[in-house]
Structure formats: structure tokens, C-alpha cells
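Turn these sequences into a full structure, and let the hints guide you.
Chains as they are written, first to last, in UniProt numbering: chain H, 1 to 526; chain R, 1 to 526.
Please note: incorrect hints may appear among the correct ones.
Identical copies carry no separate label here, and so any pair may be met within one copy or between two of them.
[Said to hold, decoys possible] Taking lysine-lysine pairs in the DSS-like style, the calculated list, with each CA pair at most 25 Å apart, reads:
#	residue 1	residue 2
1	105	143
2	105	167
3	80	167
4	82	167
5	443	524
6	143	167
If you are wondering where the hints come from, they were derived from the structure by calculation, not from laboratory data.
Number of protein chains: 2
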Amino acid sequence: MAQRLILRLPLKSATTTNAFRVPGRVAGHPNRAPLLFSRPFATSVGTGDYLSRKHSDQKDFVHGEPSGPKILTGTIPGPKTKAGLQNLDSLQDTRAATMMTDLDKSIGNYVVDLDGNTYLDLFCQIASLPLGYNSKALIDAAKSSEMIQMLVNRPALGVQPHSTWAKTLEDSFMSVAPKGLTQVFTAMCGSCSNETAYKAAFMYYQRNKRGFNSEISNEDLSTCMKNSGPGSPDLAIMSFEGGFHGRLFGSLSTTHTKALHKVDIPAFSNWVASPFPNLKYPLDKHQAENDKEEARCLAIAEDKMRPKSSGTPIVALIVEPIQSEGGDNHASPKFFQELRNLTKKHGVLMIVDEVQTGVGPTGDFWAHEAWNLTTPPDIVTFSKKFQAAGWYHRPELRTNAPYRNFNTWMGDPIRALQAKTILHEIKKNDLVGNAKETGAYLKKELSTIENKYPGTISAVRGRGTFMAFDLPTPETRDKFVTKLRALGVNTGGCGPHSIRLRPMLVFQKKHADIFLDAVEKVCKSA
Amino acid sequence: MAQRLILRLPLKSATTTNAFRVPGRVAGHPNRAPLLFSRPFATSVGTGDYLSRKHSDQKDFVHGEPSGPKILTGTIPGPKTKAGLQNLDSLQDTRAATMMTDLDKSIGNYVVDLDGNTYLDLFCQIASLPLGYNSKALIDAAKSSEMIQMLVNRPALGVQPHSTWAKTLEDSFMSVAPKGLTQVFTAMCGSCSNETAYKAAFMYYQRNKRGFNSEISNEDLSTCMKNSGPGSPDLAIMSFEGGFHGRLFGSLSTTHTKALHKVDIPAFSNWVASPFPNLKYPLDKHQAENDKEEARCLAIAEDKMRPKSSGTPIVALIVEPIQSEGGDNHASPKFFQELRNLTKKHGVLMIVDEVQTGVGPTGDFWAHEAWNLTTPPDIVTFSKKFQAAGWYHRPELRTNAPYRNFNTWMGDPIRALQAKTILHEIKKNDLVGNAKETGAYLKKELSTIENKYPGTISAVRGRGTFMAFDLPTPETRDKFVTKLRALGVNTGGCGPHSIRLRPMLVFQKKHADIFLDAVEKVCKSA
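Listed below in C-alpha cells is the structure:
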């Protein structure tokens, strides 16, 4: 769950004569430097090793997509987008906006902006679009009487659940429940999911401490009303440096990505963070030193979670399978297995945050499946590509009384209905398999570019299409993203100097070719 | 924003021979005690002072409603509802559920359960349904191409807003923006709205402290990454005892209703609460002592918010116009005006939480309009009846840099489109005026019942249809709610021993008559 793009003022335009005139020569037109904005990308750039491969034998998941990006305006954002954002800015802050979309014209992997520029979208509404723009399956579902009913009669699921809710849960979330987790708590967004999961962890810890079926003491009940101990206990969730788990007060105390996300906001000062492995890529070429780095981090993590005679007890540990906002940082299955062993050893609950990694992009439906844990996590949280949010858990993590982990809506059935449709499409077209296969191709070819332009891009890494690579500095990264966008390819930054790829599940090799061609162009121009 | 109903296990049934056989006599059938479940309510009870009035001259807002409630099963919940909840309980905790709804059959003010029982609904999915079940206007909106587009292409509004978003904001939230507040931050639920508003308040405070256009120091940036001061500052939001502002970690630290909402969850121990006036009702009959009580509370509030040489600075104060979950506690416009003066005097921001009171039920669109403040609040938060959530604010409360108060979706355009439809219906049918007029009638008649059955119900109070009354104890309150439900009227509890009425905006005098008749029946049977 990560949200920050590159820091860039959208209303400051790049011009063709600056960043976007590719200094190299166009293949087949040796004396002409291409103006990338005046013509369709495929014809104006149409060169590369990648575009020639076509991959025309692949089954199309989306019908009616354009053949490639198309940039029409001399500056990005173009004049209409600029005006549109300026107008919106009178009501809401738009400084983070990089684009204003024309959703009528967007389709599949392609997003169109207000100026008619068409981009191949590898960022996809911050990694949250699963099936592409204007998915036919989702449109059909939107028109169904069930969807209309749930849209106009939004239930308070905790007090007045509707007759079909259990069936919807079974057809959606429960049909892909991680092994060992038979319950689902439905929520509204990634931050709320993580925070309600933390609440469950705290209540479980206190319940065990006072005896599983014991009454809550009057002292606990009276002191909590004043935000004081022992009723409001000094307990902690542990997280990792570089981890991102949301932006509300509890989740933000477990987020450790960028200072601007955290500064000025009161935090739980005893909620500790432990270093996450800082590995070298490609992983298989640096096994010995990576093993050492993981062992170092595990030792520190164990030290922090070990019960102490004084200090704040660690109730749960939250971890992303791949740190996303923090810079696409990976760790080995062995690391996670040993981390799980440590949580078991020290009575700490393990929460796996699959808000960004879940629902297929890594080539597994849940990224943590690849760890082959001997004991499943206690809680797995989700949002984004499922459109719906929430967390899976063991039955023991229910509270001892109703209303304790509760809110008005308790999730949203329309998003659960969409999750059901998304799952149906994923299964029908083996979109998880597609992410694995397309990702393998993408990684191989990106590695080739990495080797071809040493010192330009580095540390190509990823699972499935959930990939990233580094640039030397934050500035060169920001420039790379801008240049890709000018070539009609939308990506996002993560960490201090990485670019992350978060394409949809319908991203295929033919789309990868266009992306790879653009990357090579930018590398050449660097 | 309040969510707790009466504590009651839904699967434990009441039986006709117990709670629901009304001991009094049926008017016109002097020798027969009515069996309330076997026949339509209107014919089986059909007696009272109220039902005879009919109010047939009123324009109907909803077509196709039944003429009254209808209870078919001998126990509530009935066997199908029991089985349905039991089935759902294998996946999710259902202990708070009082009903399982059949939304196909529900219409307008009437909700139908799985056993075919029809209830007049005065609780309305925890005060969140604005136009009634299966509203034709909302169904038409759900079928619109704009709604379908926004449903299937859910945008990350902060980075890729769509072309029609500004227009949607203008047609929805901004068309009813509270005086003086020109900006709207869109969110997903009441808790998130309040928490992002708190974040804005903290950032604004720190910005002013360091100089409005000054840079953030490196010390602040580095320490916040460890959840330590000065970057993670010791600052507080002040709230009121009995206030409810949400259930996530920041909002829960400002919630002071029931201990079970708060116990076992770490809290910000320096976020103080001040007593809210404990007034006597009816307000106009106890003016002198109520004035004194308000003055007492204002003095304590001022003492807490006054800047001190040490201790945690109070950055903002959050207050509900009517404490809802806390027991429908009122205060006078003068109290709020003086509170506003105090916040201005001591440099504390004023956040008005209109999550439950907003969007018409009190007879004003925003409940705080009735205060006639000389200076508007700094922030007004909303959710529930708007379906969409968020907060209005002054432009100065924007952060100094993008991404600081941010998340993936930043609200939801489909809910904003619904808000637009809701507003259209409110204006077309003057539903705020209807709430005022129906509420005045309801209050007058409830007061008559209160006087007729002294010691049974008391403290009838409210604005518009946002009403409540007290029972002597929590137990008698819970029993009263259960008996009303058995008579086909769905209400909810609040505070220790109150019943709150949260009907829809399409609740009319004819519905009030049915409710009043049921209340009188239960009073008679007490």
C-alpha cells in the first residue's frame, strides 16, 4: 500500500525541446531526431528490438485497445489538462496530480488524458486497477440488479446484514482465503484494514493476558475512558524501516517511508521499527551477502520482539511481502519463514500486509504463498486490486464481545461484488499465470537493457509484473519517469530512487514490448 | 457518528408469550389481548390516537410503501433470519446483528427481514440511509453511464483525477458547503474524515509555529521517522466526554462513549476530554439551571484549552452538534457560540463533527447552522446520510506540500454522485423542511405520551426528526427497543438508557403516527 509518486509540480511543463527530444537517431531514419509528441508512438518511435517481436500469437485479454501510446501535445501536461487541474485546484489540492483522465476514452492498459494523449499505464491508479479501464466484465457487473440494489441500499453490515451477504463473501474473498484463515473482516481502505487488524491484535493480547474467558476489570473499563493505563495499555505493533502500512494515526506509526508522510503528526512513540534487509540484486548473484544481511536483520528483529521485564510489549508484527512505497525491497522466503518462527517463539502475532502485493501481480494470488510457511500468518490484510478492503484472520481473533471492532458500514458490498467479478476474470484467463509469464519476460528483457546501459538503470528486480529498477539518484529517477511519460508510458516512483511497475493483470507481452522500447529510448537519451 | 445498538444476542429469541403479548386491551375488542405477530400491525393493533389521524392530505415522497408494519413470525428474529445469521456467523462476527434484511422487498421507510416481517425503520442502517430503501432517484442514478463509469474505473483522485471530478464536487458537496468553508477533502468514512482533519490541524499548527513559509527542520524530519519528538510532536485534539468521533487510533482517542469501544486499545494519553453539558429537558423549562451547567462546562473547557507553560498543547477541539452515540445530549446555540469564542481566543481550531447530524435530519441542512456563529468553524466533517465522507475547510488548512495528507483513493466518486442525487431530492421535496415539520409533530406528540405515562419515558428531546427519549435504566431501554421491534418498529439505543430516532428524510407524519401508536402501546404495557 504505497501512494507517493515522484515529487513534481504538475503544472510545470516539460517542453519538447528540453527533456523529450530524443537525441539519438530513429532507426530507419538515420538523420532525423524524432519529435515524440506529434505522432502515434508506435510509428514515431517504432524501432526497437521489442516492438519488432509483436507477440501477436498471444490471446488478447482486452478488445479494442489502441496499438500503442500516442502523444499529441508538445508539453505534458497539455493545455486542457493544465486548465482542468487548475479549475479543480480551486476546490481541492491538486499538487500531487500528474494527469487528468478522460475515462470515456481510456481502455484496457491505456489511459487517455484531457488533451487526448494516450498512455500505456503501468501505474494504474496507484496499483489499484485490476482489469484495466472500462473492463467489460466490470461494466456488466455494474449493470446487474444485484449491484444496483447494493449501491442504493448501502447496509450497515454489522447490524443489518442483507440476505445475500454470506454468499457474496463466499464467492469473493473466501474463495481465495489464504490457507488457515477462515474469517474475513471487511473494511473500506488499506489504512482502515490495517488499523482494525491492529485493534484485533491488541484485544487478543489483553484477552489472553487476563485469561481467555475472564471479565474485563472495572479498572480497565474506567481508565480507558480517560485514555489512561491500564485500560488504554502501553502495547506496540512492530514494523520495518521502509515499510508502508497507511496514513492514519495507528497505521502511520507503523509506516517508515518518507518523513513528509509522518512529520508533525503525533505518533505512538513506543511502536518500534526494525531494519528490513537491504539486499543486492539480482538476488541469485549475491546469495552469500544477502543471507548475511537477512540474518543480521532477523537478529535485530528478534531482539526487539523478545519479551522484556520492562518496556512496551510487542503484540504483533506487520510486514509487506515486498516493501512497495519504501522502494520495492525484497527478502527471501527463508527470511519470512524465519521471521514467522520468531513471532511464534515470542508470542507475537504476524500480520502480512498484502494491500499492494495481493490479488495476483506477483505471479501468486497472495505474494506470501511463495514463502511456503509452516504456520500461516495470523492476519492477512488486503485492498487496492480487490477494490474491496479487509483482512483475513483465525477465528480466535474475534473479540470477546460484539461492537468492540465495529463501525457503521463495515465494508461495502458493491466492492465485494466487484471482487467476485475480478476473481472470475482472473480465473477465466489465468491472469495470475499471465502476470508470472509476462513478468518473467519483462525481467529478462529489462535485465538485458540494464546490462546494455551500465550506470543508467540498475537493480532490476521483481516477482511477476510487480517489478522495479533503480536510477542513480532521486533526480535522475524523477527525470526518467517524466521522460517515460512523454513517450506515452505512465509509471511511478518508489523509495528514494526507484521506479516501480504496477501494471494491470491484463498487461501482456505486447504491452511489455512497448514499455521496454520506451525504457531503451530513455536509456539511450540519458 | 455512533454505532452501538443495545447489547443483545440476536439469536436469543423473545417469544410472544413473554415480551410481546400486550397485556392491555385492544380498543374495540375489550376482551382480547392482541397477538401481535400473526396479523398485519395496522389491523392487529390499529387503535390509537395517532393512527386515526392518518395525515392523508400529505404528499407522499415514496410510492408503493405498505400501509404499516407487518410481523409474521412468533419470535423475532424469526427462523429464517436466525439461520441466515448463523450461516453468516461462520465467516464474520454477527453478534451485533439485530436483523437480516431482504432488500428486494424493502421500500421507503420500511425494511423487510428474511422471514417477511416488515418494519417501519427509524434506525436506517445506523442513521445513514437518506432517501429510504430502493429510492427511485438513486436507482436511476445507479443506472446512469456516469455512475457505471466511475464504478468500474475507480480513480486515485490525488494523482489521476478524472475530467468530471470538479463538476461533481461543485454539484454535490460544494453546493451545500457551510458558510466560510470553500474547500473539501474527500474521504471514505466518518473515522477517516475526522482523522485526516486532525492531521490537517496538526500540520497547520506546526506550520504556524515554525513560520508559515519556513522549511521543516532536518531534526523534525529525522526524528519523526522513529516516532519521536520533535518531529512526531506531543500535541492534542480535545474532545468532550460522551463524544463519539470514530474508532481508529486517533479518532478513538477522542471518543468517550462506552468503555468497550476503547478498552485494550492504546490511546494518546494526553488527548483530553472536557465535560459536555448535562442538560435537563425540555430545555425551555429548565433554562436557568441549564445555563449554569453550560457555564460550568465552558469554564472547564477554557481551562483545558488555555495555553500553558508546560503540558501538551491543544491544537483543535472536536464537537458534535448533538452528541449522538453518547446519548443524544444537546447544548444551546449560546454554548456553541461561546465555545467558538474560546477557541478563537486561545488559538484552537474548531472541528464540528456533522457525521451523524449533517444532511438534514435536524431540520437544518447542517445542524451547526442553528448556532448562527459569528465565525464559522474551521472544519466540518461529514459522512453517513451523504453516503460520501469528507470535510470542508478553509484554504489555509491545505498542507505546505503535496502528499502529506493523502491516500490511494482520496474518497469515492460514486458516493459523490449519490450525494448529488440525494441533494437533488432534498431540494425538490424540501426534505429538510419535512424533517423540521415532522419532527415538531413527533416531539409534541411524544411529549404528550411522556406526560400521559409518567415514569415510563422521559426527557423527550430533539431537533427535526433527530430525536430521543429516555427510559429509567439500560435494561428497560433494551426491553423497550425489543418491544418496539416486535411491534414492527425498528429503533436503536444510545447513551446508557436512551432510545434514538434516526428516520430517513422521507419520514412523514403518517409514519410518525404508526411509531407513536407503537410507543404508546409499549408504554401501556410497561
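Do the hints match the structure? See the list:
1. 105 / 143: both (19 Å within a copy, 20 Å between copies)
2. 105 / 167: Between. Shortest inter-copy distance 18 Å satisfies the 25 Å Cα cut-off; intra-copy 35 Å does not.
3. 80 / 167: between (46 Å within a copy, 15 Å between copies)
4. 82 / 167: between (46 Å within a copy, 16 Å between copies)
5. 443 / 524: Within one copy only: 19 Å inside, 77 Å across.
6. 143 / 167: both (19 Å within a copy, 24 Å between copies)
Taken one by one, the earlier hints all hold for this structure without exception.
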